[in-house]
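Visitor: Take a look at the letters that make up each chain.
There are 2 protein chains.
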Amino acid sequence: LSANSITIALDAMGGDMGPRATVGGAALAFRQNPNLKFALFGRSSDIEVQLKRFPALRAVSSVHHCDQVVLADDKPSIALRQGRDSSMRKAIDAVSHGMAGAVVSSGNTGALMAMAKMVLKTMPGVHRPAIASVFPTIKGQIMMLDLGANIECDAEMLVQFAVLGAVYARVVEGIERPSVGLLNVGSEEMKGHDELRQAARILNGIKFPGRYHGFIEGNDIPMGITDVVVTDGFSGNVAIKVAEGVGKLTGHFIRQAFKSSPFAMLGALLAYGGMKRLKHRVDPRLYNGGMFLGLNGICVKSHGGSDDVGVANAILRAAELVHHGFNVQVAAEIESVMGQESFLSPVNGDGV
Amino acid sequence: LSANSITIALDAMGGDMGPRATVGGAALAFRQNPNLKFALFGRSSDIEVQLKRFPALRAVSSVHHCDQVVLADDKPSIALRQGRDSSMRKAIDAVSHGMAGAVVSSGNTGALMAMAKMVLKTMPGVHRPAIASVFPTIKGQIMMLDLGANIECDAEMLVQFAVLGAVYARVVEGIERPSVGLLNVGSEEMKGHDELRQAARILNGIKFPGRYHGFIEGNDIPMGITDVVVTDGFSGNVAIKVAEGVGKLTGHFIRQAFKSSPFAMLGALLAYGGMKRLKHRVDPRLYNGGMFLGLNGICVKSHGGSDDVGVANAILRAAELVHHGFNVQVAAEIESVMGQESFLSPVNGDGV
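Sequences listed follow chains A and B, in order. Be aware that the first sequence starts at 1, since it is given in this note's numbering, and climbs by one per residue. Be aware that the second sequence starts at 1, since it is given in this note's numbering, and climbs by one per residue.
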């Protein structure tokens, strides 16, 4: 076995498709990254049935039986108190015990965040963890956070998210000085909440592993105007869900257009290759994986509706964070940023 | 002249294309609605040159010379103080003097809102005006507000926006009991800001000219889950701009797909009719017109980049609001809603 092997703790029961998709996804990920090993948590009989399909995966996996499963509609507070023996909780425990480098789950987002925060704890110096993900743009891809962990964010939290995002773009994507934009309703300095204006002032004053671009607007995200987009969890969540919905709507309209006449149907056949590449380019499964950043341990949330391909991408994303030592780098950068003078004594508010 | 004639006060100088687009737009709108008359404000020589192209429009238009023009990057506060002789201000004045039924401008949004608020004043009982617009969905169209007038909104404002939206959907779109959704990050009752939860409680308790649907998420908007979407101006602005950006991105990818091979190019030719209908269906120009609701007078903001088609749609939207007596109906409904017990004594917050 390679010295660089990375063990992923997988909540095999999470998501609408359960072990079929999680184990299938592990097999797919393993084919792409042979350094992976797996610790699978859940009903062992269900997991073993699926593992039979993938002998190579079976050889690098351990199965850990758990009777309990956190359900999609369980309240996070209930899951936290009553889910101590759940597959989700045990998979997170595996990271805190050093048995795995990262945990991946397609289960209940709120429960996963609550458990991950309690078990792994927030990184020293980080105020609150954030959920981050990458999305396709006209130029390539963009990294955005927070996507829903924090409904309200103060200026310091937004600045820390900028650091988390910049470290990700530099360490994982290899961008030397990633540009970071703050999502606002206009690019002028006086626009938006007081927290945003204060975050902008701090980002203009500190040294951090990125370059502060300024305020950006919603339409700048798909254009890839910056490498990283920082926003509060409410707006971030609205933004990604609107994008998802518009994508679906467009797909529906395109299918209608291609069905509108025999000529259009023939046209669709001829354009099949190109349309297939387009579909691939915006395939949400390839961007699956909400990274919980700012915890003492890597935790990635896979979409509840994920199939094998989606789960595989969430696993590969988690493995990348481990491989590049993301958390070690973040810890150092957060410490450096928080100690800088312009962070400690920002020019105060606008009297709002 | 018809007894039903509606006069539109048009800021002829607003927008990137100036009088060419505004006068051209007026001509287009007039062709679709012969009950329209126009009062055109701006540099008379520039306007007259354009009017020469449209003798029929000339016959129903008056031209009012103004030397001043509010520029796209003028600060609203400056425009307010120094723009008393501007085409934008004079067009708004025309509504307050009863000379026109509505004002339409493609100029600076912030300045237009500031001037409209000062001149027309907020409707009795309405806390703050909102910007509203309609968007295409899988089912037809949806009306959404606020899109940027109010960065922060309390529960009462959100409830009033729900009333404004419901009256619009009923009076203008003819939907008997329009459904109204509150934009949130999840559909569960405990999700989101305290203001949202309180607004939900009030909407559940009052009688208003719509049906409260509950919380909706960003992806529900393009699916047309409700007739009206209510949100604060920050999230609303992010939502429409993300949708605009994703639409642009998809258009770019589709063009790339059709150019990817000779087969695809032939396919594009064959599917041309269907694709053209698709493009028409999501054409942002057809949905142009940000309605400023809650003022004592109809004011519609046309997109700064609007051409004739865009301006025409903003004018037709303004005319519809006048034609259906939107403001009279809203005034009555706001008064009724604000007097209801569950509005006056909402169960108070969650201690947040």
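Since the hints were derived computationally from the structure, they do not count as laboratory data. Hints should not be assumed to be uniformly reliable.
Since copy identity is lost for identical chains, a pair holds within one copy or between any two.
Using 25 Å as the maximum straight-line C-alpha spacing, the simulated DSS-like pairs for lysine-lysine come out as follows [stated by the list, open to error]:
1. 37 - 248
2. 207 - 191
3. 259 - 248
4. 52 - 191
5. 52 - 139
6. 139 - 259
7. 259 - 117
8. 276 - 207
9. 207 - 279
10. 117 - 75
11. 191 - 75
12. 37 - 52
13. 248 - 75
14. 117 - 276
15. 139 - 121
16. 191 - 121
17. 75 - 121
18. 117 - 248
19. 117 - 191
20. 248 - 279
21. 259 - 75
22. 276 - 259
Computed from a predicted model, the values in this text were never measured in an experiment.
Visitor: It remains to establish, for every hint, whether it holds in the given structure.
Guide: Consistency of the hints with the structure:
no.: 1; hint: 37 - 248; verdict: neither (35 Å within a copy, 41 Å between copies)
no.: 2; hint: 207 - 191; verdict: within (24 Å within a copy, 36 Å between copies)
no.: 3; hint: 259 - 248; verdict: both (17 Å within a copy, 23 Å between copies)
no.: 4; hint: 52 - 191; verdict: neither (58 Å within a copy, 41 Å between copies)
no.: 5; hint: 52 - 139; verdict: neither (41 Å within a copy, 45 Å between copies)
no.: 6; hint: 139 - 259; verdict: between (31 Å within a copy, 18 Å between copies)
no.: 7; hint: 259 - 117; verdict: neither (49 Å within a copy, 48 Å between copies)
no.: 8; hint: 276 - 207; verdict: neither (43 Å within a copy, 50 Å between copies)
no.: 9; hint: 207 - 279; verdict: neither (40 Å within a copy, 46 Å between copies)
no.: 10; hint: 117 - 75; verdict: within (15 Å within a copy, 44 Å between copies)
no.: 11; hint: 191 - 75; verdict: between (37 Å within a copy, 11 Å between copies)
no.: 12; hint: 37 - 52; verdict: within (16 Å within a copy, 77 Å between copies)
no.: 13; hint: 248 - 75; verdict: neither (29 Å within a copy, 38 Å between copies)
no.: 14; hint: 117 - 276; verdict: neither (40 Å within a copy, 50 Å between copies)
no.: 15; hint: 139 - 121; verdict: neither (36 Å within a copy, 45 Å between copies)
no.: 16; hint: 191 - 121; verdict: between (35 Å within a copy, 23 Å between copies)
no.: 17; hint: 75 - 121; verdict: within (20 Å within a copy, 46 Å between copies)
no.: 18; hint: 117 - 248; verdict: neither (33 Å within a copy, 38 Å between copies)
no.: 19; hint: 117 - 191; verdict: between (33 Å within a copy, 19 Å between copies)
no.: 20; hint: 248 - 279; verdict: both (11 Å within a copy, 15 Å between copies)
no.: 21; hint: 259 - 75; verdict: neither (43 Å within a copy, 49 Å between copies)
no.: 22; hint: 276 - 259; verdict: both (16 Å within a copy, 13 Å between copies)
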